[in-house]
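Read off the chains here:
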Amino acid sequence: MRRLPPIAQLTVCSLALVVIGGILMASYVPRQPPLAAPAALTAVSAALALASGYLLSRLEQFAWPRFFLAFRWALLAYVISAGMIGFAFVRDHTRGAPLALVIVMLVIFALDVPVVIAFTVARYSSPPHAAS
Amino acid sequence: MAEVGNVQAGMAGLAEAAPVPGRSQIQVVPLRGLPVVAAVVVFVIASIAGNWLWALTFCHVVGGALWTAIDLFVGLIVGPILGRLSVPARAEFTARFMPKMVLLMPTLVLMTLAAGFQLALKEGNLAPGNPNHAWLIASYCVVGVMAVIALGVLEPANITVLVEMRKQRPDGEVIALLMRRFIYTAGITGLMQVATLIIMTRVATQ
Numbered sequence: 031m032r033r034l035p036p037i038a039q040l041t042v043c044s045l046a047l048v049v050i051g052g053i054l055m056a057s058y059v060p061r062q063p064p065l066a067a068p069a070a071l072t073a074v075s076a077a078l079a080l081a082s083g084y085l086l087s088r089l090e091q092f093a094w095p096r097f098f099l100a101f102r103w104a105l106l107a108y109v110i111s112a113g114m115i116g117f118a119f120v121r122d123h124t125r126g127a128p129l130a131l132v133i134v135m136l137v138i139f140a141l142d143v144p145v146v147i148a149f150t151v152a153r154y155s156s157p158p159h160a161a162s
Numbered sequence: 559m560a561e562v563g564n565v566q567a568g569m570a571g572l573a574e575a576a577p578v579p580g581r582s583q584i585q586v587v588p589l590r591g592l593p594v595v596a597a598v599v600v601f602v603i604a605s606i607a608g609n610w611l612w613a614l615t616f617c618h619v620v621g622g623a624l625w626t627a628i629d630l631f632v633g634l635i636v637g638p639i640l641g642r643l644s645v646p647a648r649a650e651f652t653a654r655f656m657p658k659m660v661l662l663m664p665t666l667v668l669m670t671l672a673a674g675f676q677l678a679l680k681e682g683n684l685a686p687g688n689p690n691h692a693w694l695i696a697s698y699c700v701v702g703v704m705a706v707i708a709l710g711v712l713e714p715a716n717i718t719v720l721v722e723m724r725k726q727r728p729d730g731e732v733i734a735l736l737m738r739r740f741i742y743t744a745g746i747t748g749l750m751q752v753a754t755l756i757i758m759t760r761v762a763t764q
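From first to last, the protein sequence lines are chains A and B.
Here my numbering is used: the first residue of the first sequence is 31, the next is one more, and so on.
Here my numbering is used: the first residue of the second sequence is 559, the next is one more, and so on.
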């Protein structure tokens, strides 16, 4: 099996940080949460997601058609999932900076999960020209 | 989890065994289940929007009970049995079982968590002075760990096994590796559900 950059590991770490940030935010509901720690976690999570995206974009000999096929369906599923979580926060009167931070976290969540699914699917598939 | 070794050894021969009927017909996502998922999602959204106590309790209790029971059953009973099955039986079981899990588990998780959060808020359990507040934070932590394991490891492994099994010549080594990952992570999330049971019974009785 081919050795690939730690894309899945970086993405799962990014997901874990955003989940921890989400738990911190949710633990203060219905009060106004302090934003410093969740914002810092979100920033590190976004940096890891970007690093993972960068490493992914530099891959050669990769099953991109398979990646995008898995990615777009997983993205649809997790955008719905993230939308529901966002709806619950809006419904519970989360507004302003906390809502903005929650939305950024949900965007990272909705991108991280499809990336890790699609990457795992594609890494074990042959690139198109290799198959032919 | 000693059976994991058997899974790896057995799956390595899968390409040669190739007994799964209609391999190209294996559906990664069973399309017939999508309307049911859509109906559940709409019902959960309506329950949250309307803040209906009965509907929120129904979604949380039914979703949570199924999620916990399935996790425990798959992690602690089905997983070890799967490791002892013959290669053709294991391949056929996986091809029929995994697609259902792809739809079922995320739907149950979404239903349980969304309704549970709203219910806790409505019942005042999230208020700082409430005796259940600390228990609910503990449950967030347990769910957070399970979410990262399930979304970051279990679900990608599950989908990749299905995609691999659809190929003309599945790679037995890849399937063995991912099945081992699936069995370990299902076992871990199964054990973590015991913590959820303890927390939720405490919350319900305080």
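Errors might be hidden in some of the hints.
[Unchecked claim] Derived coverage of chain A by chain B (criterion: at least 3 residues anywhere in the stretch with Cβ under 8 Å from a Cβ of chain B; other residues may be distant):
1. 44-50
2. 56-66
3. 74-88
4. 91-103
5. 117-128
6. 132-138
Hints listed in this document are in silico derivations from the structure and should not be mistaken for laboratory results.
By construction, the Cβ of each residue, glycine as well, lies at the ideal position given by its N, Cα and C atoms.
Hint check:
Counting residues of the stretch 44-50 of chain A whose C-beta sits closer than 8 Å to any C-beta of chain B gives 4, which meets the bar of three, so the coverage hint holds. Only residues whose beta carbon comes within less than 8 Å of a beta carbon in chain B count, and the stretch 56-66 of chain A has 5; three or more means the coverage holds. Coverage of the stretch 74-88 of chain A by chain B is violated in this model, with 0 residues showing a Cβ closer than 8 Å to a Cβ of that chain against a need of three. Counting residues of the stretch 91-103 of chain A whose CB lies closer than 8 Å to any CB of chain B gives 3, so the stated coverage by that chain holds, three being the minimum.
Requiring three or more residues with a Cβ within less than 8 Å of a Cβ of chain B, the coverage given for the stretch 117-128 of chain A holds, as 4 such residues are present. Residues of the stretch 132-138 of chain A lying with their CB closer than 8 Å to a CB of chain B number 0, which falls below the three-residue condition for coverage.
Hint violations for this structure: numbers 3 and 6, all remaining hints satisfied.
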